[in-house]
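Residue strings, one per chain:
Protein chains: 2
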Amino acid sequence: MGLKIYFLSCIGLILFPIACKCKVYYSERLPFDLRCSNYLSKELKHEINSYRDIVQHIMEQMQSAPLKDVLYDEYTKFIDKFGARPSGSKVLEESIDYMVNLTIKYGTDTEEVIEVKTEELEVPHWVRGEESVKMIRPRLKNIAVIGLGSSVPTPKEGIEAELIVVRSFHDLEQLPKNDVKGKIVLFDREYTDYEENVKYRIRGASKAARKGAVATLIKSITPFSLYTTHTGEQDYKKSVVNIPAGAITIEDSLLLRRLFDRGEKVILKIGMQSTYDTKISRNTIIDLKGVLYPEKKVIVSGHIDSVDVGEGAMDDGGGMFISWFVPVGLKLLRLVSKRTVRSILWTAEEPGLIGAAAYLKRHIQELDNITFIMESDEGTFNPRGLDVAGSNGARCMIAQILKLFRPIDTLTENDEPGSDITLFTRKGVPGASLLNDNERYFWYHHSRADTLSVQNKDDVVKCAAFWAAVSYVISDLSVDIPRD
Amino acid sequence: MGLKIYFLSCIGLILFPIACKCKVYYSERLPFDLRCSNYLSKELKHEINSYRDIVQHIMEQMQSAPLKDVLYDEYTKFIDKFGARPSGSKVLEESIDYMVNLTIKYGTDTEEVIEVKTEELEVPHWVRGEESVKMIRPRLKNIAVIGLGSSVPTPKEGIEAELIVVRSFHDLEQLPKNDVKGKIVLFDREYTDYEENVKYRIRGASKAARKGAVATLIKSITPFSLYTTHTGEQDYKKSVVNIPAGAITIEDSLLLRRLFDRGEKVILKIGMQSTYDTKISRNTIIDLKGVLYPEKKVIVSGHIDSVDVGEGAMDDGGGMFISWFVPVGLKLLRLVSKRTVRSILWTAEEPGLIGAAAYLKRHIQELDNITFIMESDEGTFNPRGLDVAGSNGARCMIAQILKLFRPIDTLTENDEPGSDITLFTRKGVPGASLLNDNERYFWYHHSRADTLSVQNKDDVVKCAAFWAAVSYVISDLSVDIPRD
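Those protein sequence lines, which keep their order, are chains A and B.
Residue 383 is where the first sequence starts when you use this note's numbering, and the numbers rise one by one after that.
Residue 383 is where the second sequence starts when you use this note's numbering, and the numbers rise one by one after that.
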């Protein structure tokens, strides 16, 4: 994994845009319509409106038997069969083979044929070993811990050291180096939103190491905990000692803070084992060829890999599956559009958008032919609309299309929607991420609680229907989504 | 631990009355007042109403500095210092010593002196060892498990067997014995309420063993899970083979149900170690002597022991602490009443009301002198009122007292309120359990999530204030709470 990719990926991880403060919601229709009058001709509005019936058809068919059951049964069978699918693992590759074969099963039985292929790339393969944190003083207590992705291991005998608890990077910087040297640093920033808190997950170890710490812990990133640990990737800065990094529960973080504030000397013993190498994995590319402009692509996507705990049902089994079902479902409905509908099942998103970066590099000459790129990686709860990157013209056109889907017609603006697709929207490709009722997303995210129990069949099916119908309209219009 | 006690305790466990369907809520005041006119004389109403100022004084003082901070700081320091306090453990006995000393610290510095003593009894000492469940087939997966209290261990090498999933005892009974023999039975009853579900925790192992099962699992008893396991006591029937019993998460229970319903052959390997013996523990008895009728007691109580996971902050650290603070807080306010206010910190509630049963046996001749017995073991969230056992006259009198506490004035009827005190209310002693906003109680109950993070300082302090003021009024009135 090259440095450049790592750089990109870490930005991506930081800016993962759920609940992004920069969003602007269009709840008032009129001002938006007025602003869009410059961008939408009467003819284009008329053309978009002409898709009302087909949108209704897709929405209805996808949410009725047999399609809704095909989708949801295959989805649940997939999750139950494979569980977690971490980057570089054998099970991830088996799950990719499975999705290829599933595509062939559903995609090649009529004359409209779906094409499926994979593209290889090198991915990180970090494997968690035994992990434990014991409070040795002021009393013996086991503290649940989960190592952060790419963390170095502790020595076999573990690291026993005094704990120091700091609220922020700013507070850490204020401390004399001697207060930190040789200690374990716990960052216990209160949860406000993912973007602010994830900085401590990604950069905490390097920031603490620079002050002489021997290991770091963070408070798990979640607004709600039932003694739940949440993992996720971290990143070491160059020229700083790599020290082990883990996450503990909110509950234990608060306990350690109370003891620390009372002036108790807290001693922890941390043992965290892991191994690291690289493997070959694959992006999976599924095309329902366009009949007029096959070279032009409307891409829908989700990532097939997951973190190594839980079942990866929500992140991103749901998003991956509804994206897989766009070409497959349209084909089952015998609907082919002017442009190619391409579904991409990204590999190795979790260690840092590795699959998307490889695809971008490989297809860098084809960016002009990506009419629109979509991603679902923020939950497949009840769908609400789209979080859109692109020019004003692009957003106006998407807003007009969303009117066909009322009440699923919320449009938010975001220059970096989603995770993998930010690599593309930064290059000027217009794109969107699925908006949905994901208020509880971070209760489950990167934890053992990311299982099928999070998901609701009707919601997932509705997301899939919306996803397919939006893709169909964009891929079939006479004009492309405009760029700047 | 004798059989009789065990029998009592298991009934207590089954009938633990949170969200009990038999409750009658008095939201309409008028009909209740009319019915009570037979029981409440004008003079008694007048006398009760004369406590309005003192009630307000106690409520205010208890919820202001310094008392509120004394209570909550001592509570949090206690929980942080000891964590879980399982029956028979050294840490439980240390925590009892600590509470005795804390009582002496706060209770003997003025002329109104609090008396504290302990009474010994034999308690179960079940100690959890290594526990694991692995799904061997159809794929390898670790399944989080928590053994149920008093479960026998598996053989060292574990038990590997096919799984059968059943919804209810009825469904189990319908199965041919050969379908169950040699198998692991998972009871996956959907959560409706504690009383219905806990039957499977308590009796599941014996019911399954009678059909030839080799081990049992239950779906953890909770309405909400973040991959959370919930333990609690179970009970073996006589003349049935004792087989190991554990609880798994809702998430894994649903997974195993899906696999089973698809006709997959599911093989699990269960390893559960534990040891069992008995130890000596102590009930702690704290008296603020009454000035007119010292032999008459108003008892307030909570249990000091907890299950062995989590920190026992909610169950029952909160209830125990607010009960401890009734005599202590009243004494700090220099308020002494006509009757004795007795606080009891029960030991060994969790393995089956062992401490309460021993107290009952020892003090069986003194039941007539228990004016009222109260318990807080269902949470110390925002207080709402009292769940009352006793005659109509008793309930009417309590309802009249509760009017002093509006809006904390809900009265519900329950012949078996609370857990420990049901042993007394069954004998005709009038009593009550604390009603509070405990809708999420079972999210945390008997799990690693029962920590101080569940608690809110203002709520706990308000419970303590209410608890003390109610106790004061009952212990100071000119007449006893009537019996049948």
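Please note that the accuracy of each hint is not assured.
Heads up, the list lumps identical chains together, so a pair's fine if it works in one copy or across two of them.
BS3-like mimics (lysine-lysine), calculated; alpha carbons at most 25 Å apart, straight line [said to hold, decoys possible]:
hint	residue 1	residue 2
1	LYS487	LYS499
2	LYS671	LYS559
3	LYS563	LYS619
4	LYS487	LYS459
5	LYS523	LYS472
6	LYS424	LYS523
7	LYS559	LYS499
8	LYS661	LYS516
9	LYS647	LYS463
10	LYS450	LYS424
11	LYS593	LYS563
12	LYS459	LYS651
13	LYS450	LYS809
14	LYS424	LYS581
Hints were generated in silico from the structure; no laboratory data involved.
Note that the structure is a prediction, hence the values are computed from the model and not measured.
Against the structure, the hints:
1. LYS487 / LYS499: within (14 Å within a copy, 76 Å between copies)
2. LYS671 / LYS559: For LYS671 and LYS559, the Cα distance exceeds 25 Å both inside one copy (61 Å) and across copies (57 Å).
3. LYS563 / LYS619: within (18 Å within a copy, 58 Å between copies)
4. LYS487 / LYS459: within (15 Å within a copy, 62 Å between copies)
5. LYS523 / LYS472: between (36 Å within a copy, 14 Å between copies)
6. LYS424 / LYS523: neither (69 Å within a copy, 58 Å between copies)
7. LYS559 / LYS499: neither (54 Å within a copy, 51 Å between copies)
8. LYS661 / LYS516: neither (33 Å within a copy, 27 Å between copies)
9. LYS647 / LYS463: between (47 Å within a copy, 13 Å between copies)
10. LYS450 / LYS424: neither (36 Å within a copy, 69 Å between copies)
11. LYS593 / LYS563: Within. Shortest intra-copy distance 6 Å satisfies the 25 Å Cα cut-off; inter-copy 62 Å does not.
12. LYS459 / LYS651: Intra 41 Å, inter 23 Å, cutoff 25 Å: inter-copy only.
13. LYS450 / LYS809: Neither: 36 Å inside a chain and 59 Å across chains, both beyond 25 Å.
14. LYS424 / LYS581: neither (46 Å within a copy, 68 Å between copies)
In summary, the numbered hints that this structure violates are 2, 6, 7, 8, 10, 13, 14.
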